[in-house]
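Combine the two chains into a complex, taking the hints into account.
Top line first, the protein sequences correspond to chains A and P. Here our numbering is used: position 343 in the first sequence is 412, and no number is missing along the way. Here our numbering is used: position 26 in the second sequence is 27, and no number is missing along the way.
One should not assume that every hint holds.
Said to hold, decoys possible - Mimicking PhoX-like on lysine-lysine, the simulated pairs with C-alpha atoms at most 25 Å apart in a straight line are:
no.	chain 1	residue 1	chain 2	residue 2
1	P	K159	A	K322
2	P	K115	A	K680
3	A	K427	A	K199
4	A	K627	P	K159
Read the hints as simulated data drawn from the structure, not as lab findings.
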Amino acid sequence: MSDKVFIKSADDLELVKDAFLKRLHNYKYRVLVCSGGGCVSANCHAVKNALLQAIKDNGIEDQVLVSETGCIGTCNLGPVMAVMPEEVFYTKLTPADIPAIVKSHLVDGNICQENTYYDIALQKRVSRLKDIEFFKNQVKIALRNCGSIDYSSIEEYIANDGYMAAAKALGEMTRQQVIEEVTNSGLRGRGGAGFPTGIKWKAGYEADGDEKYIVCNADEGDPGAFMDRSIIEGDPHSIIEGLMIGAYAIGAKKGFAYIRAEYPLAIERFNAALAQAREMGILGENIFSSGFNFDIEVRIGAGAFVCGEETALMASVEGGRGEPRQKPPFPFQKGLLGKPTIINNVETLANIPPIIFKGSQWYAGFGTEKSKGTKVFALAGDINNTGLVEVPIGMPLRDIVYGIGGGIPGGREYKAAQIGGPSGGCIPKEHLDTPVDYDSLTKLGAIMGSGGLIIMDEDKCMVDVAKYFMDFVQNESCGKCIPCRLGTKRMKQILEKITDGKGTPEDIDELEAIARDVTATALCGLGQTASNPILSTLRSFRNEYEEHVTDKKCATGKCKELVSYRVLAEICKKCGLCAKNCPATAITGSKEEPYEIDESKCIKCGICLEKCPFEAISTN
Amino acid sequence: MNIELDASKCCCAQEKDEQKYKRFDSVISGYKDKEGNLIQILHYAQGIFGCISPELQEYIAEKTGIPVSKVHGVVTFYAHFSTEPKGEHIIKVCMGTACFVLGAKDIVDALSDKLGIGVGETTKDGKYTLEVTRCIGACGLAPVMTIDDVVYQQVDKKKVEQILNNEEVKEHE
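Excised from the complex, chain P in its bound form (with noise of 0.2 Å):
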């Protein structure tokens, strides 16, 4: 059974509980019978619900017969997992070495500066979490930086403020 990637699409705002829960114990039946699947699952949970929070980690372990503390152990183990809701809008910094050389370091001190968070941190709002990634391939643009899937190339911090005054233009279309 080949389960497509959409189904991990998230909806966490249209979604109820219930739904969510229903969506995600088809996944689990369709890895039922495999070997070693266990990061695909937790793609999945990560992608339906948002995070994978220690209640839900004690439910894939009920569900998979998978001991909670390997299921702990390997969502924290991984920089893709997160156990902490995130905000609506994920801002990424491209830290590769490429966007580094050329002045990604300047970008997150400007993000950091008018957001008024750190990295890894969300805005109080709930609107924006700030995170580095490393290298996402697009070194020819360098410095890059992304909201959500907008990749935004050649970033100064001029750039920066820009970028967010648009957001905040979307926003209140």
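This is chain A alone, in the form it adopts within the complex (with noise of 0.2 Å):
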């Protein structure tokens, strides 16, 4: 029925390593097709479905083998594809680009010029991934095989050295050696918090209890994050060894993958992994014959942000409301079914087998002193180079935005970074060659976080921005403790008074005083990191709430109330279009006279500005 071997050793793990690369060996080109989310809504099945066609038409079945690999990184290209061993990367590609393709690279072996990748900021084609400004700088161990490897092939993960690392971890080494070893490489969890790794595992090795789990968060709601979503789709396979290095360590026999609804992908490609995992034996009992019994059970989420707070999490996991409760008790003293429970991110997970196969030391040769080893980023907003990055921790940001993310479109001007989502803060452009790292960052009052990070240029409202946060936090806020069901409700509440152009300058001062109240006195991490997007946009603009009440003027005409309309008489055609457009017939004018608005009837609705053909209406 199945061709899968057993595997009951790191020696059959090698027979399956060089049966794959043998196999590999047999083709001349191998074409990866992306299929991270960005690439799947931009339709790359079309594109793959083309490429096959093409192939078939020219009769080079046997010569090209074409895989669907998870995110490779440059989302705002896609469909993209990488032509191997040559390693040429084309872009934003359409079914109908790919018959000149086939023939030309794949058949006449000469590249695609005019399809391949194109730099913004250097105004030229690079052809090949090695000589892209957005991959050179970036180191991927989270993301080693995300992009590079079919998703769906546990064998190709295998022939990259996957679950050699357990196979290592249950063969030669002892718990207290894997959590050692995690505890050295200096690992922090990467999903927000950055508590070390292996202090977290040797307390749940530590816990009395018959009976333990490991939990994977996979609950990536922070809006503008998707690593660990791309982690998952891209390479299922990291996870699951993860976990069971973990649960080795700590001493549970069953982990839960907990994945957000949001995710079908992810959700199907990780029980995908799963069923091949325990086809081969490699889940299941006696693994590896070491006498280590392990299996994982994936829980769905069903929408609601405060589940990627652990007690929460648990709640959900369990079947009820995903309510926070109090620590202590901590979940590696009374997690889940009231059992010991460690709870790790997906990104941290992805990190393990590599530490453990490579060692701690080659880990912790990444990073700074206090924060070791990459992280991933979303980048997204107003850059160039939009899409999934890994880079050593404490790369200054610059290098980030201006080297790998290409900079600014349209040659404007930085104004902030968005880190850590709807708990972090902004980093201004005084701070831009900050290194980001979890102690430089918090102190600017950003956090790391889980990895979003936007980036906005001068055209954004800061008040704006905290206004949005604001907005999220109080719908996602459970209800449970005071301080967050009111106090966010409050905050939002004077934000859009603000904005509205009803502030006061008192009602900055009340919106300071409860934002560090709730921080204080809320129950969990969602509460009590809310007003950071407040906190750290008071920080660095004030200046601007100060316009908003102060001046009743929005610099960047991002809140409509406080924008005003006025005809530019010079360019005036006295066409009329615009009085004649106006819902609330507050322009007049005629043929002889320059049309004017009367800003007390005005309603700002800006159809004046859109139905003017000679762009005579300005704003403030």
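Right, dumping it as structure tokens:
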């Protein structure tokens, strides 16, 4: 029924590896078609089908292997594909481009330059992955397989030393040695809080209990973050292996993966990976003939941001309302179903196999003294190269934005980077050279967070951004504790008042006071960090708040109520289109007299601005 | 027992109530001896019936032995579950940070204007429900909206009009 080998030892893994590499050797080319979230949205499947068809039409099926991979990283250029072994990177593909590329490149051996990667900053095409600025300065550890292997092939995972770390841990290392190795690597939790993983595991190991659990937190709820999703979709086996090593270390026989319902593709691919691992005996009983038993169950979330908080997550895994509870008892003391439980984030777990396989010294060679290793960021917003990047911790923000990110589009100025989502803060221009590590960011009132990195240009209103996050947190507050339930609501009301042009200077003070109180008194991490977007924008952009309340002005024009419209008499051709379309009859004028807007009647709908063919309407 | 996710696919239009309950019963019995699976059961309920009405909540409570107050509490806690039927097509505007920064609010306004409904509401003819959603992970294509499973990228006011017109054409084909 199946040709899968049953794995009993590390030697069996080597056999699978050799067999896979031998098979790969038979092909002249390998085409990696990105099937990450962005490329799927851009319909990469049509491109893949066109590719298979063109390969068939040219009769080169035995020379070219086409594989679907996880996210390659350049999400705004999808669909993309890479032709190996030459590493030629084709972007923004349509099915219509494919026959010519296949004929020219795969049959005749000539690269189709006009479809290769275009570097906006350098204003030229760069065809090979290794020469592209976006990829050059990245160090891929958690993303080591993402975008370079077929996510659906356990054989290819094994061929890239997959499950070798688990075999090493189970076969050669004691549980204490595993924990020691992880502790020495300096790995800190990548979900946001940055707690040292080794210390967490040690607590799990030392906890008393006949039954223990390990949980993968894949409830990636930060708006603007898609790192965990990309890892699960692109390299699901690395999470299984990470969980397995963790389970061995703490003494758990069962693991859970809590994945949010909004990621159906991640759920599907993870389940498929679990089935493969079970079929080969990598999950189940007596794994690698070590006597260790382990399996994983998937639990699907149902749309609640607070479930990323560990005590809320456990309540949700148990099938209840995802409400957090007081700590202690900590999950390692009393967790899931009352048993000791260790919860790790997806990216944290993805780092575990290479740490065990290559050793803690190797891993600790990346990063800074206090923040070791690498961090994955989802780079988005006003930036030329959006997508998924992994960099050594401590890289200056400027290098991420202007080096890897390729700068701000349209020659506009950088204003701020929002890092850490609704629990994070923003980093203004004067701190662009800050090294991106846990401690430096905390000093600036931001946090490393889970990895959402949104770049904003000069046209963005920071009060509006703070309002956006407060709206989010208020909506997601579970309502259990009063500071968060009422505090977020009140902060949102004040921000609305300010952006509606009704704010007073006292409002800013009140906002700040409430923000500090909520931070000090809320029950869980969501509430305790809910004020961060406000506190951090107040810290760096207080003048913008003041402008809103005293001058009743929003310099960027984002706050509609604070915009005033004016007809520029010298440009106005007196056509009357604006007056004709104004729903509030606020515009008067005639063929002889220039048109004018009565501010008291104006409802600031912006229709005049849209309708004027001569750009004679101006906003402040 | 591992129930395939396909079992939860909505076939409301083609299926009689009796068939739906039959399908749902087999789901519940599959979870009978497993602890803490209420949320998973509710996912199936929503998939099979389209929404989880108060009657259905009582039915689940009775079948599983979980108090109806708990079932109701869980259903109303999570954004993914709905107690009222939704439109034939669900339009979602992504409100992730990247989409927000690049103008998702304007898309919501334009859709709301065109369809004559607010966020969370369904058009009178039952055709569309308008929702905002948190990050769908297509930040590189921001701002995005989806109609059912189709993702529309780099949407602006004008594109909204185009997309809705195309939907109308599809309907009449």
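Taking the hints in turn, this is what the structure says about them:
no.	hint	in the structure
1	P:K159 / A:K322	violated (55 Å)
2	P:K115 / A:K680	holds (18 Å)
3	A:K427 / A:K199	holds (24 Å)
4	A:K627 / P:K159	holds (19 Å)
Hint check: a violation occurs at hint 1 only; the rest are consistent with the structure.
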